[in-house]
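So the sequence shown is numbered by the numbering used here: it starts at 1 and just counts up by one.
Quick caveat, the hints were computed from the structure, so don't treat them as lab data.
Even for Gly, the Cβ is constructed at its ideal location relative to N, Cα and C.
There's no promise every hint is true.
[As the list claims (entries may be wrong)] Pair by pair, the computed Cβ-Cβ distance ranges are:
| hint | residue 1 | residue 2 | range |
| --- | --- | --- | --- |
| 1 | 80 | 25 | 26 to 36 Å |
| 2 | 152 | 22 | 25 to 35 Å |
| 3 | 18 | 90 | 21 to 31 Å |
| 4 | 63 | 39 | 40 to 50 Å |
| 5 | 31 | 63 | 22 to 32 Å |
| 6 | 127 | 22 | 32 to 42 Å |
| 7 | 148 | 51 | 17 to 27 Å |
| 8 | 149 | 107 | 36 to 46 Å |
| 9 | 92 | 132 | 24 to 34 Å |
| 10 | 139 | 20 | 28 to 38 Å |
[Said to hold, decoys possible] Mimicking DSSO-like on lysine-lysine, the simulated pairs with C-alpha atoms at most 27 Å apart in a straight line are:
| hint | residue 1 | residue 2 |
| --- | --- | --- |
| 11 | 106 | 53 |
| 12 | 106 | 29 |
| 13 | 9 | 29 |
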Amino acid sequence: MEWVVEKNKVVTVEYHVFDSIGNLIDVGKRPLVYLHGSGELFPAIESQLEGKKVGETQVVHLTPQQAYGAYDINLLRTEPHHHFPPGLEVGVLLENTKPEAHDRVKDFRVLRIGKDAIILDGNHALAGCFFSFTATIGHIRNASDAELENGCAHSVD
């Protein structure tokens, strides 16, 4: 029996992610294991992997709307220095511990440390970016009842 990627199969994928000009931005050090059809991956990726067999490679080009969304300037915040510990550095991710009712952001990245304030960015680091996801199917198996119930793969094959 030849396995194919289809709904309710656990799929192991070796992958790489490239930005729009071909720079490698995620080397995929560990294989990605997911439950196909569960929404664990972006729909554009899942649809392109549908029907693939072990050993096949697929390149999926993603627009911002198909991935992390457009860059939202409304997710920038300016905060006074006294809200943060000393030694804070640009690029550090901070947990949003006091979200407002309308706040959909869990983490903020320190974008800039100015003289009078710190600028935080609640956008995903790849928001607004076009990128390519290259996937090679490594393994396919039936999902367990527990995986189907929880809607995600539980272990690496």
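Hints, verified against the model:
no.: 1; hint: 80 x 25: 26 to 36 Å; result: holds (33 Å)
no.: 2; hint: 152 x 22: 25 to 35 Å; result: holds (31 Å)
no.: 3; hint: 18 x 90: 21 to 31 Å; result: holds (24 Å)
no.: 4; hint: 63 x 39: 40 to 50 Å; result: violated (18 Å)
no.: 5; hint: 31 x 63: 22 to 32 Å; result: holds (25 Å)
no.: 6; hint: 127 x 22: 32 to 42 Å; result: violated (20 Å)
no.: 7; hint: 148 x 51: 17 to 27 Å; result: holds (20 Å)
no.: 8; hint: 149 x 107: 36 to 46 Å; result: violated (29 Å)
no.: 9; hint: 92 x 132: 24 to 34 Å; result: holds (28 Å)
no.: 10; hint: 139 x 20: 28 to 38 Å; result: holds (30 Å)
no.: 11; hint: 106 x 53; result: violated (37 Å)
no.: 12; hint: 106 x 29; result: holds (25 Å)
no.: 13; hint: 9 x 29; result: holds (22 Å)
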